[in-house]
Amino acid sequence: MKSIKGQSGVILDGEYVHALLGAAYAAGYVTVSDAVSDEEASSAESYLSSVAKSRLRRRALEMLVFYDKVYLADYHEALDIKKLKSDGLIYVNETFSGAALKHIESMAYDGKQLKEITEE
Numbered sequence: 495m496k497s498i499k500g501q502s503g504v505i506l507d508g509e510y511v512h513a514l515l516g517a518a519y520a521a522g523y524v525t526v527s528d529a530v531s532d533e534e535a536s537s538a539e540s541y542l543s544s545v546a547k548s549r550l551r552r553r554a555l556e557m558l559v560f561y562d563k564v565y566l567a568d569y570h571e572a573l574d575i576k577k578l579k580s581d582g583l584i585y586v587n588e589t590f591s592g593a594a595l596k597h598i599e600s601m602a603y604d605g606k607q608l609k610e611i612t613e614e
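So the sequence shown is residues 495 to 614, counted in my numbering.
These are computed hints drawn from the structure, not numbers from a lab.
Be careful, since some hints might not be right.
To be verified - Straight-line Cα separation of at most 20 Å, EDC-like style, residue types lysine to aspartate or glutamate; simulated pairs: (1) Lys577 <-> Glu539; (2) Lys577 <-> Asp528; (3) Lys576 <-> Asp528; (4) Lys577 <-> Glu556; (5) Lys576 <-> Glu539; (6) Lys576 <-> Glu534.
Unchecked claim - Label-pair restraints from in silico Cβ distances: (7) Lys577 <-> Glu556: 32 to 42 Å; (8) Asp532 <-> Glu556: 17 to 27 Å; (9) Glu556 <-> Asp528: 24 to 34 Å; (10) Lys576 <-> Ser537: 18 to 28 Å; (11) Lys577 <-> Ser543: 16 to 26 Å; (12) Ser540 <-> Lys577: 33 to 43 Å; (13) Glu556 <-> Glu533: 11 to 21 Å; (14) Gly508 <-> Glu534: 14 to 24 Å; (15) Glu556 <-> Ser531: 15 to 25 Å; (16) Ala535 <-> Ser580: 13 to 23 Å.
The C-beta atom is built at its ideal place from N, Cα and C for all residues, glycine as well.
Whenever a hint applies, use it, and build me the whole structure from the sequences.
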């Protein structure tokens, strides 16, 4: 988990992403996409079932309250997270571009490209 200098948002990465998506999956806000193969669906379900301890889940969910912009780094692409966005549980009110986006991407988990949670 990293804060974004000069911004009111937070990047969740690693176990925080797992914890947040696991809690959202348990509450019905995240599903496995119908557009993926059975193997990918099984992988996504395994990803969600191996989610961290409840204390870490609570901490990840607190980030939704503390920050008005939440980004995820390195989440499983077979997951459908549209309900999280449409129900306003995760709200991102601007799109970063240019130098700001490069700065955020450089902070992303394990050097992988940041996936803004507002992506379609």
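Against the structure, the hints:
1. Lys577 <-> Glu539: 17 Å, holds
2. Lys577 <-> Asp528: 14 Å, holds
3. Lys576 <-> Asp528: 13 Å, holds
4. Lys577 <-> Glu556: 18 Å, holds
5. Lys576 <-> Glu539: Satisfied, since the Cα-Cα distance of roughly 17 Å is no more than 20 Å.
6. Lys576 <-> Glu534: 18 Å, holds
7. Lys577 <-> Glu556: 32 to 42 Å: 20 Å, violated
8. Asp532 <-> Glu556: 17 to 27 Å: Violated: the Cβ-Cβ distance is about 35 Å, outside 17 to 27 Å.
9. Glu556 <-> Asp528: 24 to 34 Å: About 31 Å separates the Cβ atoms of Glu556 and Asp528, which means 24 to 34 Å holds.
10. Lys576 <-> Ser537: 18 to 28 Å: 20 Å, holds
11. Lys577 <-> Ser543: 16 to 26 Å: Holds - the Cβ-Cβ distance for Lys577 and Ser543, about 19 Å, lies within 16 to 26 Å.
12. Ser540 <-> Lys577: 33 to 43 Å: 21 Å, violated
13. Glu556 <-> Glu533: 11 to 21 Å: 34 Å, violated
14. Gly508 <-> Glu534: 14 to 24 Å: Check passed, 21 Å falls within 14 to 24 Å.
15. Glu556 <-> Ser531: 15 to 25 Å: 35 Å, violated
16. Ala535 <-> Ser580: 13 to 23 Å: Hint holds: Cβ distance 22 Å, inside 13 to 23 Å.
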